[in-house]
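Asks: What follows is each chain in one-letter form.
2 protein chains.
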Amino acid sequence: MHGRLEQIESPADVRRLGLDELVELADEIRSTLVTCVGTMGGHLASNLGFVEATIALHYVFNTPTDQLVFDVSHQCYAHKMLTGRASSYTDPSRYGTHSGFTNPDESEYDLFRAGHTSQGVSLACGLAKARDLLGKRHNVIAVIGDGSLSGGEAFEGLDNAATVGTNLIVVLNDNEMSIAPNSGGIYEHLAALRQAGGKSGENLFRTMGLDYRYVADGNDVRALVHAFAQVKDIDHPIVVHIHTRKGKGYAKAEQDPEATHFVAPASAVAPATQTYQEVTREVLGRKMRLDPSVIVVNAGAPSGVGLTPEFRAACGTQFFDTGITEPHAVAFCAGMAKGGAKPVFMVMATFAQRAFDQFIQELGLNRSPVTVLVFGAGFYDIDATHAGTFDIVTTGNVPGLTCLAPATCEEYVDMLEWSIDQRERPVVIRVPERMIEGGAGVFDPTHPGRWHVAQAGGDIAFLSIGATCELARRASALLASRDGVHATLVEAINYSSFDEPLLDDLLANHRIVVTLEPGILCGGFGEKVARYFGKTGMRVMCYGGKKEFLDRVPTEEFFKIYHFTAEDIVADIEALELGTWHR
Amino acid sequence: MHGRLEQIESPADVRRLGLDELVELADEIRSTLVTCVGTMGGHLASNLGFVEATIALHYVFNTPTDQLVFDVSHQCYAHKMLTGRASSYTDPSRYGTHSGFTNPDESEYDLFRAGHTSQGVSLACGLAKARDLLGKRHNVIAVIGDGSLSGGEAFEGLDNAATVGTNLIVVLNDNEMSIAPNSGGIYEHLAALRQAGGKSGENLFRTMGLDYRYVADGNDVRALVHAFAQVKDIDHPIVVHIHTRKGKGYAKAEQDPEATHFVAPASAVAPATQTYQEVTREVLGRKMRLDPSVIVVNAGAPSGVGLTPEFRAACGTQFFDTGITEPHAVAFCAGMAKGGAKPVFMVMATFAQRAFDQFIQELGLNRSPVTVLVFGAGFYDIDATHAGTFDIVTTGNVPGLTCLAPATCEEYVDMLEWSIDQRERPVVIRVPERMIEGGAGVFDPTHPGRWHVAQAGGDIAFLSIGATCELARRASALLASRDGVHATLVEAINYSSFDEPLLDDLLANHRIVVTLEPGILCGGFGEKVARYFGKTGMRVMCYGGKKEFLDRVPTEEFFKIYHFTAEDIVADIEALELGTWHR
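Chains as they are written, first to last, in my numbering: chain A, -18 to 564; chain B, -18 to 564.
Next comes chain A alone, as it looks inside the complex (with noise of 0.2 Å):
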């Protein structure tokens, strides 16, 4: 089954093989991928259409003294294969050993983490200068997908790249579409190449001093190896655009390239993820109806956040996919707001952090009233690349933001209606990340930086971010039948902003404040608890991530790592008691 894999054990024994063997190894990889990632789950479409490439890649270039660099990197697995990595893929029992992208503790042949996109001919820029400055002589490769050549960061890489003026490959894979089909100007133009066979007069890449050959078909070896070989050595930057196939020998990937694109692991469960997906589905669907300016905009990547193929045909002219833009989106949604339309950016929290000086500047300051629903939140079983822990951080320190954590459906889709509607401030949602019952009537649209107590006690007292409240309950609820003490429970629906008179009540019979929050501590929301209460004689005790990258950790084990669990916080609690009382 692995004939040909399992003799690979490095790019060497790549370049050992004839050319017909190539094509008998591409089959292979391919047969491999659809079994493991069937299985696993995984970027499945995208790296089928890369096999070939991939392969052709590592055929013609000396890696890894010659430089390889994966833009986005998930369409890495056949490389992973080529570079001592197969076992991860052919044997079910080593199946998720490595990561879904390049990583340099794994390998040398891999040059960097990247998992957001549009960066890698900055990096391959940078590797090309270094290259100049130490006098060294080696072939430096970008490979882009044409998803990422949206991103803005892709343009401007590629404006430097005809600077750097010296050996510079970048490798575009044109698959025809993103994770999403294309949208943008630039996608036609691609179009019109692939049409004109690479030969029309006008090439968006040589006006911007770039030379440029194409290849008609990507997933041809033969035709890849060829077209590599007469640029290798090349003394100036190039760009190579190959047509590859998504999906590419799969037929169930090349019907539906998108819904194949990430394909969940086979035993993946996410019943509140899909829920609140549908429920905004349904919540906007009918603001659509009714008013024709509300309108929906994602960038780039609407399967994470629920944009269907069919919701998005629905909304019609009410969708707007800006490709994976999101400084541009967040821009864009601002001067919507401006002219007077409705507009709600989804985005997955990951990302959010790419328009980080838009939140400041085109939503904050200009006080925009536009919607941001932040899904994939927390702390999750997910790439260190992907880490949606930077959320808070990320919207919670900005300026005239209105960040709300809803702790369940009810408050969710109360605070959902509400920004829609209103034209005074920018809000972003944070949606949960997990199904908790109740929140009716919890949210007051009249008084949006309210929280909510959920129960009224004493002495101990726990502020909650969104689904933490149902962690704050159980404490709670150990903490009465272990103590005796019956505390109190507040939802801190809004992050972005203090409920100063409830704060200033706990004084009046509270010693200590308990903060959860489902991302990192640093710069987060129980920081300022502790600050507001720094001068008094509360004691404050944060629960929340460190500031650091964990990498495909399960979801309830960040809770452990982190002494986030009833019985931990239960612990804390009495062991500063006892402290205080020693004193």
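Hints are computed from structural coordinates only; laboratory data are not their basis. Some hints here could point you the wrong way.
Note: identical chains are not told apart, hence a pair may lie in one copy or across any two.
[Claimed, not checked] Here are the simulated PhoX-like pairs of lysine-lysine, each with C-alpha atoms no more than 25 Å apart in a straight line:
1. K268 to K213
2. K117 to K541
3. K516 to K268
4. K213 to K180
5. K527 to K233
6. K541 to K516
7. K541 to K527
8. K268 to K117
9. K516 to K180
10. K213 to K117
Using the hints provided, position chain B relative to the given structure of chain A.
Replies: Chain B only, in chain A's frame:
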């Protein structure tokens, strides 16, 4: 002197003039600019070049119904003169009444507050889309300079403009340079377009799906009126490329447009900034001569960080200006670091926030040994768009970054020398905003996380960031004289981590810790200290800025507004101590 200008109360008055009178008006505006900006400071050269275009835009288009968006907006002075705010430029007693950027709080003709670059087309796309959704009909015009075109967000906007597909007019103000001379492939292309009178077969904008028109003399008001009249009410997006002369009509500005891009007020002195710029050039120059792999990178704004034309020229290939592309610049540096070079990225604090995602991904996650020098951080008398108060939030919460805040020049030099040569980690150095004596030997390269105890004492401890150590010293002296307390003075020269042994030592014989930081408190340094001591009996008082945008507030006023003077702090301590004693 101001004959024409005095009669212009709104653009409607411009529209009543004949073409010859428009020329006279332009001359009058130009001489007003030279006089006014020469005295009060501001963006001179960029405004001089855009006088005729501004007049022609208001003459042809029906502003404010037709919507005019300025990218960056530092070229809006003539626009302000024509929209009811001329006296702010003609009457010395009213100089500076209005800000140097568009501001909706000032006028309905100003749609957005804008100061960072490359967002104009995105905002205009939003206005156009809102117009279409709401069934309105008017022109939307974005004005963008060629410098802003290097920023990826501008590309994202242009790419989407093609997709919006309806009326959208992008006026590209091409003066052949941004702040400094332009670099990058696109500028070669703009030069080719100018050379060919706009009739080149290769056209970047057309390849992106945009219509295109060229105006060779962008300072000829008749030609501009003619061109704008032809595109008015157009039913699709078009780029109107106008070739203007930066500094037009003012010999000094025409000869040295970089020096006159921004003119400091006649009264301005900034000795600390200048000294730090000089010292930085000296250290970098020396390092570069010894080591060809040391390279200085800037993102299109060299003047603010002291990268003079002479210094840049002397660097040769060891200097690289990426254009206004902070995300790319950081990734480019990460690539160079990986390739074995020693990159130093010099950036203004206000622009550093544009690379937040790259700080996380390309620097922190990849542990890239890049040195980032942040200039202009802290409280300054500056437009709210350029606030330098978010840098601690931007960098101090990112895993993997070592963030240093020297207080003195000696410390700064020690840190810079160490950072360039070390190969383990990304380092951010916050260049101090004031000159303070002393500091030799404070920074210990073998323990970059160790803080400096400048004075050992008891009861009260001051933890200062950077130059706020001076304020701490004053408060300490006052406290000694008024209350007989001999306080401890700690300089937290590393704000990305805690010196835990030191903090724990403080617990033994201190009741109060006072933190001082020159930036917003939210997400900053003091809150982390408050969290650290949250469980203990230590009182923590945090001084810094509120989470708000302050606009053109005199530097010293910040400290008064934020109750952040030695007298205020000591009074607060006294009140707190009294309060404690009463409990």
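Asks: All the hints need checking, so say for each whether the structure fits it.
Replies: The hints, checked one at a time:
1. K268 to K213: neither (55 Å within a copy, 34 Å between copies)
2. K117 to K541: Neither, since 48 Å and 56 Å both go past 25 Å.
3. K516 to K268: neither (46 Å within a copy, 47 Å between copies)
4. K213 to K180: within (21 Å within a copy, 35 Å between copies)
5. K527 to K233: Neither. Shortest intra-copy (41 Å) and inter-copy (55 Å) distances fail the 25 Å Cα cut-off.
6. K541 to K516: between (31 Å within a copy, 20 Å between copies)
7. K541 to K527: within (12 Å within a copy, 35 Å between copies)
8. K268 to K117: Cα proximity of K268 and K117: across copies only (20 Å, versus 60 Å in one copy).
9. K516 to K180: neither (71 Å within a copy, 69 Å between copies)
10. K213 to K117: Within one copy only: 15 Å inside a chain, 54 Å across chains, cut-off 25 Å.
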